[in-house]
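Residue numbers (our numbering), protein chains in the order written: chain D, 1 to 321; chain Z, 322 to 669; chain E, 670 to 1004.
Everything labelled a hint here was simulated from the structure, so no lab data went into it.
Keep in mind the model is a prediction, meaning the values are calculated, not measured.
Each hint should be verified, as a subset may be incorrect.
Unchecked claim - Computed spacing ranges between beta-carbons, pair by pair: (1) Gly-480/Z x Glu-921/E: 28 to 34 Å; (2) Leu-758/E x Val-142/D: 55 to 61 Å; (3) Ser-355/Z x Gly-745/E: 57 to 63 Å; (4) Gly-127/D x Ser-355/Z: 36 to 42 Å; (5) Val-15/D x Glu-522/Z: 55 to 61 Å; (6) Glu-522/Z x Val-797/E: 52 to 58 Å; (7) Leu-101/D x Tyr-827/E: 53 to 59 Å; (8) Asp-776/E x Tyr-147/D: 51 to 57 Å; (9) Ala-129/D x Pro-403/Z: 23 to 29 Å.
Claimed, not checked - A few chain Z residues that don't get close to chain D, going by computed Cβ distances all over 12 Å: (10) Thr-401; (11) Ala-409; (12) Thr-424; (13) Thr-427; (14) Pro-475; (15) Cys-494; (16) Pro-560; (17) Pro-581; (18) Gly-596; (19) Leu-604; (20) Arg-620; (21) Ser-653.
We put the CB at the ideal spot given by N, CA and C, even for glycine.
Given next are the chains, with one letter for each unit.
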Amino acid sequence: MLRFIVKRFASALLVMFAISVLVFLIFFATPGVDPAARIAGRNADPATLAQVRHSFGLDRPMPIRYLLMMRHLLIDRDLESFVNRGSRVIPQIVQATPVTLSLVIGAALIWMTAGIIMGTAAAALRGKAADPLIMLVGVVGVSLPAYWLGEVVNLITQKQLHSSVFSWVPPPGYVGLDHPGQWALHLLFPWLTLALLYAGIYARLLRGEVVSALNEDYVRTARAKGLSERRILIRHALRCSLIPIVSLFGLDFGALVGGAALLTEVVFGLPGIGKLTFDALQNLDLPVIMGTVLYAAFFVVLANALVDILYARLDPRARHA
Amino acid sequence: MPDQPLLDVRDLKVSFRTRRGSVTVVDGLSFSVSPGEILGVVGESGSGKSVSMLAVLRLLTSPNVTVEGEVRFRGRDLLTLPDKEMRAVRGREIAMVFQDPMTALTPVYTVGWQIAEQIRAHEKVPRKEAHARAVSLLSDVGIPDAASRANSYPHEFSGGMRQRAVIAMALSCGPALLIADEPTTALDVTVQAQILDLMRELNAEGSAVVLITHDMGVISQIADRVLVMYGGRAAEEGPRRAVFHGPRHPYTWGLLDSVPRVGGPRLRRLPTIAGMPVAPGSLPEGCAFAPRCRLRHDRCEERPVLRDFGDSAHRDACWLPDEDRASLRLTSRATATDVPDREREATP
Amino acid sequence: MSAQTTTAEVLLRASDVTKHYPLRADGLSRRRKVLRAVDGVSLEVRGGETLGIVGESGCGKSTLGRCLVRLTELTGGRVEFDGQDISTLSTRRLRPVRPGMQLVFQDPQASLNPRRRAGDIVAEPLLVHRYGDGAAVRRRVAELFDVVGLAAAHLDRYPHEFSGGQRQRIGIARALATNPKLIVADEPVSALDVSIQAQVLNLFADLQEEFALTYVFIAHDLGVVRHVSDRIAVMYLGEIVELGETEALYKEPAHPYTQALLSAVPDIDDGTLSDEVPRERIVLTGEVPNPVDKPTGCPFRTRCPYARERCALERPQLTVTASGRRTACHFPLID
Chain D
1 MLRFIVKRFA SALLVMFAIS VLVFLIFFAT PGVDPAARIA GRNADPATLA QVRHSFGLDR
61 PMPIRYLLMM RHLLIDRDLE SFVNRGSRVI PQIVQATPVT LSLVIGAALI WMTAGIIMGT
121 AAAALRGKAA DPLIMLVGVV GVSLPAYWLG EVVNLITQKQ LHSSVFSWVP PPGYVGLDHP
181 GQWALHLLFP WLTLALLYAG IYARLLRGEV VSALNEDYVR TARAKGLSER RILIRHALRC
241 SLIPIVSLFG LDFGALVGGA ALLTEVVFGL PGIGKLTFDA LQNLDLPVIM GTVLYAAFFV
301 VLANALVDIL YARLDPRARH A
Chain Z
322 MPDQPLLDVR DLKVSFRTRR GSVTVVDGLS FSVSPGEILG VVGESGSGKS VSMLAVLRLL
382 TSPNVTVEGE VRFRGRDLLT LPDKEMRAVR GREIAMVFQD PMTALTPVYT VGWQIAEQIR
442 AHEKVPRKEA HARAVSLLSD VGIPDAASRA NSYPHEFSGG MRQRAVIAMA LSCGPALLIA
502 DEPTTALDVT VQAQILDLMR ELNAEGSAVV LITHDMGVIS QIADRVLVMY GGRAAEEGPR
562 RAVFHGPRHP YTWGLLDSVP RVGGPRLRRL PTIAGMPVAP GSLPEGCAFA PRCRLRHDRC
622 EERPVLRDFG DSAHRDACWL PDEDRASLRL TSRATATDVP DREREATP
Chain E
670 MSAQTTTAEV LLRASDVTKH YPLRADGLSR RRKVLRAVDG VSLEVRGGET LGIVGESGCG
730 KSTLGRCLVR LTELTGGRVE FDGQDISTLS TRRLRPVRPG MQLVFQDPQA SLNPRRRAGD
790 IVAEPLLVHR YGDGAAVRRR VAELFDVVGL AAAHLDRYPH EFSGGQRQRI GIARALATNP
850 KLIVADEPVS ALDVSIQAQV LNLFADLQEE FALTYVFIAH DLGVVRHVSD RIAVMYLGEI
910 VELGETEALY KEPAHPYTQA LLSAVPDIDD GTLSDEVPRE RIVLTGEVPN PVDKPTGCPF
970 RTRCPYARER CALERPQLTV TASGRRTACH FPLID
């Protein structure tokens, strides 16, 4: 176990290093992009530019500049944004993280529950009318763009029906966990929106897995043992089908926590990591981008490690491999 | 009633609905199994031997399957039993073991857990006790160090060990009938010998066994009675000695003669059965074996029924005259050996 | 090593052939584990004979077959084909040798490209070895189809349209295409129904007679191996434990493993065997050990009913007994 953790940690470090170099190069080695001009503002005179260059260390050689930036980011933790002078990167990320985590964890719980129920039900009812119906619902969910769906939800809950059915829906935004009731209420529709996008894919995938598991020899053995159909479906077929689903879930979850929930965050006015990254990219605010990208890489690697552990718990064959 | 059969199958018919219409895989099969006997069912692929046994246990779950006929087990017709009562029969009164031990167990549970699961499905016993019984069953089928091996996962067992575990599971509720579908085909010959010994032991303890196989040698070693199947129908049935020493159906002759043996005289060319096993869906109106039979005649257009000639236990479905089947067999074997077979399979 | 057969009649000679597969180190121990699939096998195949190789799954018989035609690189030892050492030849120098030795696989389904027509599959080796122009290749393919008992109408069909027996015939036609001297057949009939198996075995016999072929016939079925082979090598855990003339070996096995193997085969009792002495039935306990952790000394000693102390200490070499049998046993059952 210790070996596993050490190995994982080392590979995470390597991945994060590689990504940070890549991001750094993209922004600093791309011709025509001059960070100094961005910092000094529009219409700065050459003298100011030179001074900015010097004070930010932009006239130093590339590797030194990389190391300096990393030092400010990770060791001194005082790296500042290029755009909003004085605002530090680390606190911004620390502030945005719980928002994104709240959104993604809640949505993941909903979509996994819905996906498993829909997928298993469709597999159990294959050949009957309910199966294609469930799958159709899934496809519709997958095909809706998050942005559009979010806007429609907002339109309905905030404007059209706000005075009647949805009068209890609070305005868009985020409330911290110190008010759990308000926290959940504010996040309810963002959760449902994000979950709807994923539940369909998971249901479809799981249905396929369960259907093929139901044709396996071990299911036939289970039937010959005299088990009930319900037990065969859940304890045998579904249990084995969850294994591939979990690895997909790890990837999706890592990506979403890392900022892929961007559109949902923007639509519902949630100041999460996605929104932070989005704003930083629009302003080419390199320090913030660097911070959020490293944060995202960290979560993707972490999620993958968790998946591997979970995988070994679910599949005894993976334990000794 | 001492001679009432344990299992009595009458006119079993299994057909699959396919895109090209209905395909009959088992076509009017009747057989019975007495308490405590070993019935060997032999035939090539497509003979319907496995499907008919799956039909007996109602394990053909595809909605495209139709099963007709009567399957009387201890007097009750299994085909009309409510699902719940059928489940109580499966695993408790009739157990089944399948060909491939590598895939027969659920990979994510320990072997002991899976055996205990079957016990608890049929009997109200505490978890602990079920596990203890699983351990003793595993030890009964010859798994060394059963107490710790019960906590192993299927992939940690070798093929032979897994088949033992599957058999232990099948025996867990003391079934009156064990149906074993090619239980040794995937195993090495030395392991096969061990598994066959195990089947003999449990038969000696009173379970009746239906052993499905394509291997005439296995049948010859272990069966009390033999049922030879071809094209979803019974070609011949009778006591082992009668069938092996005096086979009556030309298909049985072919099966016996075309197997290269480890003893006896060595032939340069093997007698063959011409052509290929009949495909389900292209069964002829008359005798299913007629297209491959060297002694085919006009009467074969008509479907033969199982009938006996004096010995009511030994029956066959063939129109050949009852007398001198033995000499007919010799003639047929001579032609089967001489003609190079390459001209014969050439027709598409 | 014995030199009882003269080189002139030996078509294939394997000397101390080994094939080891290194396994991925598990990280905790530095020692890399090695799977000894073939572990020091020496044999020769004489022109025109059939040498059967028999053994249970995992005994290395298929790997040996691949080593013999160099479809896999040897870890050690050498293989001489037709007087030429092929174990060290470069790929380019091996090319002219390849047509002389061909392989027939177990699973005709898996060894035939499903997207190519049967005729093209058989033509492929001809094109690779530049047999001639298009018309010549087509003539040869038609001839081969006739030889293996397939109709001309079959030329344009795809593998899935054939039955198992017919697919194996295509595999045989492909192997015959380049007029080989040696055919190594790896379990060629084990996937077939018994009635079809007999047809294909007869085809093998006919072809051997017609084209003076030499076979190495690998199988697990002792009846099949006896039927086709002049001589038989019995393998256990990557080693040959016994090698001898077929009839003598089946009547009087010298190695306890051969004896156990033969006694485990359920033979058909059709009334003709009753006058023979019933064979002593030996049911081996346990299963074949893992070839990664082979027992010390004799590989069979862990299951051998006659094992003694010496068997654990000393690995028996394949030696010739007084009766001409070769066996690797300290205490052979015959002299």
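Okay, the hints, checked on the actual structure:
no.: 1; hint: Gly-480/Z x Glu-921/E: 28 to 34 Å; verdict: 31 Å, holds
no.: 2; hint: Leu-758/E x Val-142/D: 55 to 61 Å; verdict: 57 Å, holds
no.: 3; hint: Ser-355/Z x Gly-745/E: 57 to 63 Å; verdict: 60 Å, holds
no.: 4; hint: Gly-127/D x Ser-355/Z: 36 to 42 Å; verdict: 39 Å, holds
no.: 5; hint: Val-15/D x Glu-522/Z: 55 to 61 Å; verdict: 58 Å, holds
no.: 6; hint: Glu-522/Z x Val-797/E: 52 to 58 Å; verdict: 56 Å, holds
no.: 7; hint: Leu-101/D x Tyr-827/E: 53 to 59 Å; verdict: 55 Å, holds
no.: 8; hint: Asp-776/E x Tyr-147/D: 51 to 57 Å; verdict: 52 Å, holds
no.: 9; hint: Ala-129/D x Pro-403/Z: 23 to 29 Å; verdict: 25 Å, holds
no.: 10; hint: Thr-401; verdict: 18 Å, holds
no.: 11; hint: Ala-409; verdict: 7 Å, violated
no.: 12; hint: Thr-424; verdict: 4 Å, violated
no.: 13; hint: Thr-427; verdict: 4 Å, violated
no.: 14; hint: Pro-475; verdict: 9 Å, violated
no.: 15; hint: Cys-494; verdict: 8 Å, violated
no.: 16; hint: Pro-560; verdict: 29 Å, holds
no.: 17; hint: Pro-581; verdict: 31 Å, holds
no.: 18; hint: Gly-596; verdict: 31 Å, holds
no.: 19; hint: Leu-604; verdict: 26 Å, holds
no.: 20; hint: Arg-620; verdict: 41 Å, holds
no.: 21; hint: Ser-653; verdict: 39 Å, holds
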